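**Student:** Chain by chain, the residues run as shown.
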Amino acid sequence: MTYPNPASAIEITGLTKDFSLNLRGIKLRAVENLTLTVPEGQVFGLLGPNGSGKSTTIKIILGLLEPTAGECKVFGVPSGRVDSRLNVGYLPEAPYFYRYLSGTELVRFYGRICGVPRKRLDERVREVIDWVGLSGAAHRRVGTYSKGMLQRIGLAQALVHDPRLIILDEPTAGVDPVGSAEISELILKLKTQGKTVLITSHLLAQIEDICDRVAILDRGKLILEGAVDELVGLSNRQALIVDSLPAAELEELRGWLSARGHALKAVEQPRTRLDQLFLSKVSRPQKGGEAK
Amino acid sequence: MKFNLAALRPLWTGLLVVAALAVTGAAIRPFEEPAWQAVRAQQPALKLDSLQGALGQGITAGLLGGFRAIVADFFWIKTNSVWEDNDLPATQTFIKLVTAIDPRPLYFWQNGSRMIAYDMPNWRIIAAGGYEKTPQAEQRRIDEEQSAVALKYLNEAFGHHPDSPLLYVEIANVYLNRLKDKASAAEAYRKAALLPNAPYYAGRIYPELLRKLGRHAEAYAWLKQLYPTLPKVIDTAKGITEFQVQSAMAPVVLERIRELEKELNIPQIEVFKP
Amino acid sequence: MSTVSTPTTPSSSAVGMRTVPFSLGRLGIVAGNTFLEAVRQKLFNFLLLLAIALVASAQLFREFNFGSSELKFISDFGFGAMVFFGSTLTIAATAQLFFSEIENRTALTILAKPIWRTEFIFGKFLGVFAVVGVFCALTTLLLLALLYNRETALMAADSEAFEHGRIIQYGDLVLLGVLQWLKFGVLAAITLLIASFSNTNLYTVVMGFFVLVICHLQYLARDAYAQVASLPLRLLVRLLGYVFPNFQVFNLADQIGIGAGIDSGVFLRVAGYALIYIAVIGGLAVYSFRNREI
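Chains as they are written, first to last, in the numbering used here: chain E, -5 to 286; chain U, 1210 to 1483; chain X, 6 to 299.
Since the hints were made in silico from the structure, they are not lab data.
Please note: incorrect hints may appear among the correct ones.
Here chain E is said to cover these stretches of chain X; the calculated rule only asks that three of the stretch's residues, wherever they fall, bring their Cβ under 8 Å from a Cβ of chain E [said to hold, decoys possible]:
hint, stretch
1, 38 to 47
2, 103 to 113
3, 116 to 125
On a predicted model such as this, the values are computed, not experimentally measured, just so you know.
Virtual Cβ for every residue (Gly too), placed ideally from N, Cα, C.
Work out the full structure: start from the sequences and follow the hints.
**Tutor:** Now the structure itself:
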């Protein structure tokens, strides 16, 4: 699959980050010589085991850490600059917000920080809260929110200033399958609106379903990077789903394929996914969010 | 062994902070100095040696830390407490401790001297068997002893309140009420009356004492120069209040002048004309 | 889940070219949020109530029959309560409000926005400064009311002592409240500087109190400098005298109780002294925090 040459949302070149442990030269190398490009308008997954350097990379992109070597740019602006974050929305892992603010107040607070014009602010806050499905709970204090609601209000604060790039750090960690599916839907909607989404997650099945490209890190190094279809697809195989065939017809098919130089590698009963089965059976929460 | 210079960053930052603060402190010192001298002038030197034994380390730190007034207040309350128990040694100790900690309030000196001059003789006489049993000579000796302590204490106060007429009034009262020394009391009242913001009664009691001592001419001369200085009518424009007019008692002073003119046989042509 | 879509993205190239100048508005937003967080904390309410109780308990001095000098006792205890509880509140609140952002990782969320670290730190400082300002204002007003009420009663009972009018200079009492507030501002800046490199709330609070004591005793180093024989020790003592601000210079409250006021020149110098230190120490806190890895 080829891509037209899109603009890059994130460009990382030769990025290295060392953390100093003591005076005697012992360092912890969290990221080593990472070169990575996140094309604009795609959903990009950043994967890796714990300690692989994902969080460090995210923090450097957000300007929260300085690289030891190399550079990182967000829409062409060095990530250490404050203005690089004008176009970035961030949802941290296991988000924690000011408990005493209501959902509306929280999003409004971050909207003001991000410079959303005052005359647009109220309308914009209502829009994003409605978009994440928390209109009914927006008046309640964030301290009363469930984990799923926290994720959604977190997404709202990340979107309030209409950023071009949204970074989601483990957005579905600790969230039930229903909430997780809803967040996946939101991410895909963002993509249809031309947003770039960078997502980190341990839930590989979810990454596979929504990401266009992924990068896998291990011990600070880039191990693998590419389009999901290209990476996981078995290019020399095809899967055909048919109605149940009686044994005789199955043998006939096998023979037909063999005559043309192909082999029937496997005959299996297709499986739906457990999360899809769950979603089809369980009722979704009403708009406004579930109570804690 | 090579060093990780990046790990030294906190050290560089710390040194920079110390250097920046030192430079700021040095640069700002000329600006701060006049204000600091003004604050210091309001705080007499703390004689820690005299206090060391009486105070714990916490109190000493409190004094040094600028809480003198509140520490002195606390000990004054303690003074009142031991005074109510008629505990002479403790009362005497706390009185001196309070003014050593904070000599600025005149109140401490005045009330301390009164406790020494008026209450302590009473306690000592009662402890010696009471007024009935204690010989007059012994009572007189106790009065003189305590009055001497009170006068010494009040004279020490002048080191911190050189222009206080009220201290002279306290001294005068000790001479008059405890030692029955009219001459010394008169002199103290005179000194009080000559100071700014002296109570009006000081200027009246002095000539009264002179009369009792047979020094009528001096009393007459004093009252004649006093009368014109007294407020006689309320004048808000000049800041003369009703209270001041009443306290000054100008008509009473004029009356005393007339009495002395009769006693001294002053010719009519030479009488004082207000 | 709602199916309403987000509005369309504004012009990408125009947004991408914007710079982010330093903004007092953003600083104010952080300050406002910090203030809101502080006044909801039990610590603030507890210390405020305690200070109010102590100031009000100055009424008990009536029992001792001190006459007009009762006003001195009320004033001394009132300012003493303000200084003691105000210092505790300043150090504890600054440390708590800073570390709650670090420990709860709300600092991550906010610093990932287009906001300068300078705006964040100064915003936190201003929030604490505002909280302490409310504390000082309330305790000063209470003290003022107590003194005024008591002085009125004493004037009726003892005209001679009030021959020259009221003893307490109420305007100067308010100015002293302002000076205490500014002193707490310096203390908050110091605490924030410590917090900017400290790892824990506890360490920050302990060091804050330690520095508070040193600042109150700094004048001893100034006085002792000339008497120290050893040159290295003399230089060290001199350095101590320069590094730490002199908190004794704010010690003017004693004058109120004995009827003396404060000179306007002294007030302006002390106020200026405080503001300069707030700016310098606050700037150092920003510098230290810039390099902190969140």
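**Student:** Evaluate each hint against the coordinates.
**Tutor:** Hint check:
1. 38 to 47: holds (count 4)
2. 103 to 113: Three-residue rule met by the stretch 103 to 113 of chain X, so holds; n is 4.
3. 116 to 125: With 6 residues in contact (Cβ-Cβ under 8 Å with chain E), the coverage given for the stretch 116 to 125 of chain X holds.
Of the numbered hints given earlier, the model fails none.
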